Amino acid sequence: MQKVWAFVRGCFLLLRKGSRLYYTWLSALLVLIAIGVFAYVNQLYSGLIVTAMRDQVSWGFYISNFTFTVGVAAAAVLLVIPAYVYQWKPIKEIAILGELVAVSAIVMCLLFVTVDLGRPDRFWHLIPKIGILNFPKSLLAWDVVVLNTYLVLNFAIASYMLYSYYYQREPNMKYVFPILLFSIPAAISIHTVTAFLFNGLAARPFWNASILAPRFLASAFCSGPAGMILMFQVVRKWTNFDIKDKAIFKIAELIAYAMFINLFLLGAELFKEYYSDTVHLAPVKYLYQGLDGHSALVSYIWTATIFNLTAFFLFLIPQTRENYVTLNIGCVLIFIGVYIEKGMGLVIPGFVPDVLGDFYEYAPTGTEMLVTLGIWATGLLVFTLLLRIAVPIMNGDFHVSDDGVNPHIGDQLFLVRRRDVVPEEDLDSP
Amino acid sequence: MSDMEKRDEHVFRLTRRKALKGLALGIGTMVLPAKDASASVWESFFQKNFRELGKSERRVILERLEKEYSARYKKPVRVKDTGPIEGVLYGYGLDLSRCIGCRRCVYGCVTENNQSRDPQIHWIKVLRLAKERGVDLEHSEQYYNPATVPEEGHFYMPVQCHQCENPPCTKVCPVQATWKEIDGIVVVDYNWCIGCRYCMAACPYGARHFNWKKPGLPAGEMNPETHYLGNRPRPVGVVEKCTFCMQRTREPDGMYPACLEVCPVGARKFGNLLDPTSEIRNVIENKRVFILKEDLNTQPKFYYFYSV
Ligand code: SF4
Ligand code: SF4
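Protein sequences appear in the order of chains A and B. Read left to right, the first sequence gives residues 1 to 430 (the working numbering). Read left to right, the second sequence gives residues 1 to 308 (the working numbering).
The reader is advised that the hints may include incorrect statements.
[Said to hold, decoys possible] In silico contact screen, one side only, chain A against chain B (beta carbon under 8 angstroms); selected entries: (1) Ile49; (2) Ser58; (3) Trp59; (4) Arg169; (5) Pro353.
In case anyone wonders, no lab produced these hints; they're calculated from the structure. Since the model is a prediction, treat every value here as computed from it, not as a measurement. Just so you know, even glycine gets a beta-carbon here, dropped at the ideal spot from N, CA and C.
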């Protein structure tokens, strides 16, 4: 136990050290968070009336962002599977980053649902025994369970590994491996349950399609890794952490497969709706074509569709996939494309037209955007701090010192511009 | 209940008490602003789900609410918790060939049930439909505003909570803040609802309404005869809905719901589905009856019919 405390203390010492850039970055995030908190306090004070949600569209931007970030969290398995199940070395070195992404993304998910509650002061009604968790009947209860399980799993794995490296010994895989294996279905389950949350409502034909959960997973396996590719490049450029090109290109290849499935499933759904041409067509029409003069979402969904298609071809062709300019363009396109499609493009058409045929065109208010910005900044802050600890540990720049008690901090700066990015060939040679 | 179960129940309650106390000492002090920390704020904060309350606990809560409301609305307010009547299952009938779309029921309901006047909350929506299209919700109009009703070529269809026998709204609630009582009325515990609005997404009839803002209910217009699960004043951030006026209909002298009483053309029928001599049974057995969105298997107890 003493050792754990020494580790935790060491981490706190480490978090306070860093370059000017590190401090600037943290301050910028803190400013954004403060703005978000300010907007949220105003919302608490005035009620959810300050959002654009109304009875017809009772969920909006917050739940859209929630849906998207669950996908990002789930996508961490795309690193875990090749790393631990197939023991593929280049990815194994970075799998821990995937786990840290998952932790940060789940923190965001939980914040997004909390700001959406009408009575956040009653959150404890959800805690089993103290309150009442309507499990297993309510899918929202399922979501509470799986999200928290997944958070704990990833946090436990990552911190145990880092703890072991800190004390300069190999983690005991006998303990880690079963938890790692369990985290794979857990990742699938968080996104499946989130899909079922919408899927199970017969009142909303747009969501009540059995293809919804597979579509969720396919798109999550595009957007999450795309974000990670971008993030990896930032990490290897600005910190002392090396990430191999091979790993990045492998992930890009996986994205190509996932995007193919994603587009295929979308096509299957559109075919069913348009060819059968029943009353269920209305929300799809509203989304893609506009209906009776209401067309707020049309330009968004087409942007998303074009982005996703373009990115698919960029990732399909090895030449463009392995060229950093086109690769990065593709990643940005996918991230934005899926963000629109799984966010506003999924949640809002479920409500428009509403169950009695009323049209209420929703667009988020300033409050909603500021709160959302604040939550994204919180996610990034959590991630940065986790990286601040993980990167030096993985590099061997942060470990217990020879006295066995105090930490040795070799990396005082963390965020620096690296001049010495080593060419790939050199890294491969022993 | 077996002894074992009883003991479990007891243990459950004990741990819960303890946990609640811990919460009270811990986060409670941070969450609540000190100057508001009067006893009643605390009591309502830690109040249990209504269904878990014993008789005496209920009494205390009702008295607390009565005091609070009486002070706020400057008149004696009564809060009942009348339970369902044995052998009664409520049903509602609506005669589409009579309804003229005047919306008196909408405002009768607002007056009776203490809905917010600003912003306006309506538990009843009246849809205007074109005769040639029939019941086609996608082409319905809620915001019609002619000089006189009814209008040529149209008919009107009021929609409110259908008190489904198989209600999707209660199934989805993550905290069991809403449930179906044995007389068929679906209720919400406004002191337990966390305002996630999942039930609103699940209801196929748009029957649930959210308090996006602190309800604006002028003291002068407040109806002081209330029910805990029905028309008592609602807090901000929770969901509310039609309860077939349980504060009236559950009384032994059996008053009709307010919407039925104000309807000028007698388009509304109400009664006990289990009583073969009731008016609602007569409607179901002898008229052309249909229910809305039958394919969703919600099994509404709100029946539309044509008397002519
Ligand atoms: S009409 Fe809606 S609110 Fe009423 S019981 Fe049915 S699902 Fe629930
Ligand atoms: S809004 Fe309230 S009643 Fe509706 S599902 Fe959420 S907690 Fe339950």
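Hints, one by one, checked against the model:
1. Ile49: Because about 4 angstroms separates Ile49 (chain A) from the closest Cβ in chain B, which is inside the 8 angstroms limit, the hint holds.
2. Ser58: holds, 4 angstroms
3. Trp59: holds, 6 angstroms
4. Arg169: At 37 angstroms from the nearest chain B Cβ, Arg169 (chain A) fails the 8 angstroms test, so the hint is violated.
5. Pro353: holds, 6 angstroms
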